[in-house]
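2 protein chains.
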Amino acid sequence: MDNYTMLTDFYEITMANGFFNEGYKDTTVYFDMFFRTVPDGGGFAIMAGVEQAIDYLRNLKFTKEDIDYLRSKNMFSDGFLDYIENFEFCCDVWAIPEGTPIFPGEPILTVKGPAIQAQFIETMLLLTVNFQTLIATKSNRIARAAQGRAVMEFGARRAQGAYGAIYGARAAFIGGCSGTSNVLTDREFGVGALGTMAHSWVQMFDTEYEAFCAYARNYPDDTTLLIDTYNVLKSGLPNAIKAFDEVLKPLGKRPKGVRIDSGDITYLSKKCRKALDEAGYHDCKIVASNSLDEYIIRDMLIQGAQIDLFGVGERLITSKSNPVMGGVYKLVALEKEDGIIEPKIKISENVAKITTPCFKQVYRLYDKDTDKAIADVITLHGETIDENKPYELFDPEHTWKRKLVKNYYARPLLKEIFKNGKSVYDSPSVGEIRAYCEEQLDTLWDELKRFENPHKYYVDLSQKLWDIKNKLLRQVSIDE
Amino acid sequence: MDNYTMLTDFYEITMANGFFNEGYKDTTVYFDMFFRTVPDGGGFAIMAGVEQAIDYLRNLKFTKEDIDYLRSKNMFSDGFLDYIENFEFCCDVWAIPEGTPIFPGEPILTVKGPAIQAQFIETMLLLTVNFQTLIATKSNRIARAAQGRAVMEFGARRAQGAYGAIYGARAAFIGGCSGTSNVLTDREFGVGALGTMAHSWVQMFDTEYEAFCAYARNYPDDTTLLIDTYNVLKSGLPNAIKAFDEVLKPLGKRPKGVRIDSGDITYLSKKCRKALDEAGYHDCKIVASNSLDEYIIRDMLIQGAQIDLFGVGERLITSKSNPVMGGVYKLVALEKEDGIIEPKIKISENVAKITTPCFKQVYRLYDKDTDKAIADVITLHGETIDENKPYELFDPEHTWKRKLVKNYYARPLLKEIFKNGKSVYDSPSVGEIRAYCEEQLDTLWDELKRFENPHKYYVDLSQKLWDIKNKLLRQVSIDE
Chain E
562 MDNYTMLTDF YEITMANGFF NEGYKDTTVY FDMFFRTVPD GGGFAIMAGV
612 EQAIDYLRNL KFTKEDIDYL RSKNMFSDGF LDYIENFEFC CDVWAIPEGT
662 PIFPGEPILT VKGPAIQAQF IETMLLLTVN FQTLIATKSN RIARAAQGRA
712 VMEFGARRAQ GAYGAIYGAR AAFIGGCSGT SNVLTDREFG VGALGTMAHS
762 WVQMFDTEYE AFCAYARNYP DDTTLLIDTY NVLKSGLPNA IKAFDEVLKP
812 LGKRPKGVRI DSGDITYLSK KCRKALDEAG YHDCKIVASN SLDEYIIRDM
862 LIQGAQIDLF GVGERLITSK SNPVMGGVYK LVALEKEDGI IEPKIKISEN
912 VAKITTPCFK QVYRLYDKDT DKAIADVITL HGETIDENKP YELFDPEHTW
962 KRKLVKNYYA RPLLKEIFKN GKSVYDSPSV GEIRAYCEEQ LDTLWDELKR
1012 FENPHKYYVD LSQKLWDIKN KLLRQVSIDE
Chain Y
562 MDNYTMLTDF YEITMANGFF NEGYKDTTVY FDMFFRTVPD GGGFAIMAGV
612 EQAIDYLRNL KFTKEDIDYL RSKNMFSDGF LDYIENFEFC CDVWAIPEGT
662 PIFPGEPILT VKGPAIQAQF IETMLLLTVN FQTLIATKSN RIARAAQGRA
712 VMEFGARRAQ GAYGAIYGAR AAFIGGCSGT SNVLTDREFG VGALGTMAHS
762 WVQMFDTEYE AFCAYARNYP DDTTLLIDTY NVLKSGLPNA IKAFDEVLKP
812 LGKRPKGVRI DSGDITYLSK KCRKALDEAG YHDCKIVASN SLDEYIIRDM
862 LIQGAQIDLF GVGERLITSK SNPVMGGVYK LVALEKEDGI IEPKIKISEN
912 VAKITTPCFK QVYRLYDKDT DKAIADVITL HGETIDENKP YELFDPEHTW
962 KRKLVKNYYA RPLLKEIFKN GKSVYDSPSV GEIRAYCEEQ LDTLWDELKR
1012 FENPHKYYVD LSQKLWDIKN KLLRQVSIDE
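Those protein sequence lines, which keep their order, are chains E and Y. When the letters of the first sequence are read in order and numbered with our numbering, they come out as residues 562 to 1041. When the letters of the second sequence are read in order and numbered with our numbering, they come out as residues 562 to 1041.
Next up, chain E with everything else stripped away, as it sits in the complex (with noise of 0.2 Å):
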């Protein structure tokens, strides 16, 4: 893993040097990281990205040519630049696990600690989480879509650099995909990655039939061929059967699958699974690629498209419908020298981005006898929910609107991952993520789970919260 200390927008050491200047550096602040919307319109978001964001943190580390570079600068004071010099993390940070649906305006992300500090790291955890997160989201939706059909992540040549392909391709097993073509993400994190040939092989020898039988002769295990370079039923379809029969018959071996990369797909699969099927080879698995998405998939099935494994690229590696993870990172609070922790608030003329105050908790509700997700309640840090007694939710803006709730369990969702700057959490393997993701998502009513015009999960406050980011307009109103 890199030293991504010097990835952070120029403004987060500005701040820093102006907090160490005006004697802030030790004081004790609190940030939070929410989004606000969920990309494509849909229901929830997955979070993702938490590793990363430990390797980060446990990496930062200012080298010798950053200081240099910072002094080059002639704007940084010697007291500052020695801080930074001999810089030893010591927040503490609470995230949600990967894996875990999320919501708008929970917190996801929590770091405690000197102003100095926790205000520097804003760039790179928003970037890691955001990026993940974005993808991992993405590829749950195309997931549900193949309706338990197997979906490859195909994208790399098109990720947004190199970073992007590694860890989208982490991101989307862990949202649902079953593998991917990146070599170099298999190797990381074992997710599986899958692949045979491109148009080029097929070009390579003079007959589409030679080519078929070469790749079929060096893997009798695994031969999937692809029968789209010059004519699918014409001329790829015939040839891969007489390959499969002539190559792979005699050694006792079944052929694996057939890809088609173009034309009109859904057409083209139920051609090639009634010839299939007509020269004995029910077995051979039909792989779709070329600009799949969750909305093309859905009307593929729709229409009956025969296809058993769904390759997708450049819309699942960039989010290509919503390419963008509005996670933002808000002072929430801050210690003053009296020991007192002040909550913060961020209002705005737009009601929607007004922030919630507060070192906080995020509860999940789940009903007793169907394990369902009933909502999600920000309290206030260390406030607890007695599962004994009913407990009563009420829309933030809303508050008439009451649902008083029994037969319940609550969870908080923000686990410790630093503490004192020292990584307290181990994380997962992505296998074990992607398996406690499809878990979770078994607790989400179906309503959620809508591509379009979803059901709004309930992400209510606790009363003492509420009173306090009340109390906090209220002052700010009459301030005005």
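The hints are simulated quantities; they were obtained by calculation from the structure and are not laboratory data. There's no promise every hint is true.
Claimed, not checked - Dumping the calculated DSS-like pairs for lysine-lysine here, alpha-carbon to alpha-carbon at most 27 Å:
| # | chain 1 | residue 1 | chain 2 | residue 2 |
| --- | --- | --- | --- | --- |
| 1 | E | LYS673 | E | LYS976 |
| 2 | Y | LYS795 | E | LYS914 |
| 3 | Y | LYS795 | E | LYS1032 |
| 4 | E | LYS846 | Y | LYS622 |
| 5 | Y | LYS907 | E | LYS832 |
| 6 | Y | LYS846 | E | LYS907 |
| 7 | Y | LYS897 | Y | LYS795 |
| 8 | Y | LYS586 | Y | LYS622 |
| 9 | E | LYS814 | Y | LYS795 |
To be verified - Far from chain Y, by Cβ distances over 10 Å, these chain E residues were calculated:
| # | residue |
| --- | --- |
| 10 | THR575 |
| 11 | GLY602 |
| 12 | ASP639 |
| 13 | ARG719 |
| 14 | SER742 |
| 15 | VAL744 |
| 16 | THR827 |
| 17 | GLY841 |
| 18 | ASP860 |
| 19 | SER909 |
| 20 | ASP930 |
| 21 | GLU944 |
| 22 | TRP961 |
| 23 | ALA996 |
| 24 | ILE1029 |
For each residue, glycine too, the CB sits at the ideal point set by N, CA and C.
Model the placement of chain Y on the given structure of chain E, informed by the hints.
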């Protein structure tokens, strides 16, 4: 620079192993990279990412860990694994220099070398050039919309991964941005990083006025104040002017600027300009940020916004309105055992997807009087254009559309960057690339620079190349 050797699609390795086993290890092949459509419907793209492609090729090397990983797949022959353990890159590579305006259908990068190598490097070459070209192209659109005003790249926190943030900022600079917020990109490439304060700076102090005074004390030569934390006109603007008067004026310093990050920025900027002018701060710049792109900036300026500098974030660093550059990498020729070079074509029912065969060069023809670019002509590699004779252009699809060009000069665009696997090209600095880009843009007619419905630039084939392509097309058609 990292070793990205294993950042490749799995099929590159299955094909490489297959080429090796089939005796194609030393067969010389030719691959072209090209793209089919300009992002956002623009008239041209801006080539970028060549320096990083060179870094990638220079660092190609399989580690022991890589070999062990591949061996564990039980798919690859020992001979092949030996070959890659002792892998030595030996291809020739040509590329169009960074900062050059490029057009659909023309080769922007060409690789000549052993099949096994030229195929293998496909994924990372595409990824590298696709991404940076995408961002340089977007940046240029945004810079054009700003009509000479400075544009800063501010998108790191919403970039698609760390590489996207670092190299996206590099590409944005090439395309016309004046700098970035990204400290690492400045340290690496010297593009100039800027940034002052977030809302959290203002919130850290008991009052906005105190926050502004503290900032001005710390950065008297660089005081740009963020004035929208509470209310721009009622609070931020008067507090900023007061801080300028009371902190900077006694020091004999002038303020740099004020920044507005929310609300109706066009309206607010006019009010700010008036108030700043009346307070004697005519030289205080107004900076705008908040989800800007070329369309919003164009509209703001049409309505008279008083903005001197635009900070552009997520919509630039992800090219949000069109986040995928669809560059492809196709086999165009191979040398047979008898030394004859066989042109290769990939046909398709979709005419736009038919490739242009042969090892090629691209010439740009400029008018001698105006220095404006007239057309690009794709020729056979080695074919020359005699500038002393008129040159007859013709539309490759509608060949009766012809134009005789006189009084022109022709420049080859593809430059050799690797020879026998060794880099033979000195990458210019990003400052030089940016200046070259600006100069090259001056050679394009304004009609090409429209955001919507630009003129279509001529990209034609030489007669020789056209003859070969059409002969191949007729053959394929007869074969069917």
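We went through each hint and held it up to the structure:
{"no.": "1", "hint": "LYS673(E) / LYS976(E)", "result": "13 Å, holds"}
{"no.": "2", "hint": "LYS795(Y) / LYS914(E)", "result": "19 Å, holds"}
{"no.": "3", "hint": "LYS795(Y) / LYS1032(E)", "result": "22 Å, holds"}
{"no.": "4", "hint": "LYS846(E) / LYS622(Y)", "result": "35 Å, violated"}
{"no.": "5", "hint": "LYS907(Y) / LYS832(E)", "result": "23 Å, holds"}
{"no.": "6", "hint": "LYS846(Y) / LYS907(E)", "result": "25 Å, holds"}
{"no.": "7", "hint": "LYS897(Y) / LYS795(Y)", "result": "77 Å, violated"}
{"no.": "8", "hint": "LYS586(Y) / LYS622(Y)", "result": "18 Å, holds"}
{"no.": "9", "hint": "LYS814(E) / LYS795(Y)", "result": "78 Å, violated"}
{"no.": "10", "hint": "THR575", "result": "6 Å, violated"}
{"no.": "11", "hint": "GLY602", "result": "16 Å, holds"}
{"no.": "12", "hint": "ASP639", "result": "14 Å, holds"}
{"no.": "13", "hint": "ARG719", "result": "5 Å, violated"}
{"no.": "14", "hint": "SER742", "result": "4 Å, violated"}
{"no.": "15", "hint": "VAL744", "result": "5 Å, violated"}
{"no.": "16", "hint": "THR827", "result": "15 Å, holds"}
{"no.": "17", "hint": "GLY841", "result": "25 Å, holds"}
{"no.": "18", "hint": "ASP860", "result": "19 Å, holds"}
{"no.": "19", "hint": "SER909", "result": "7 Å, violated"}
{"no.": "20", "hint": "ASP930", "result": "41 Å, holds"}
{"no.": "21", "hint": "GLU944", "result": "23 Å, holds"}
{"no.": "22", "hint": "TRP961", "result": "30 Å, holds"}
{"no.": "23", "hint": "ALA996", "result": "23 Å, holds"}
{"no.": "24", "hint": "ILE1029", "result": "16 Å, holds"}
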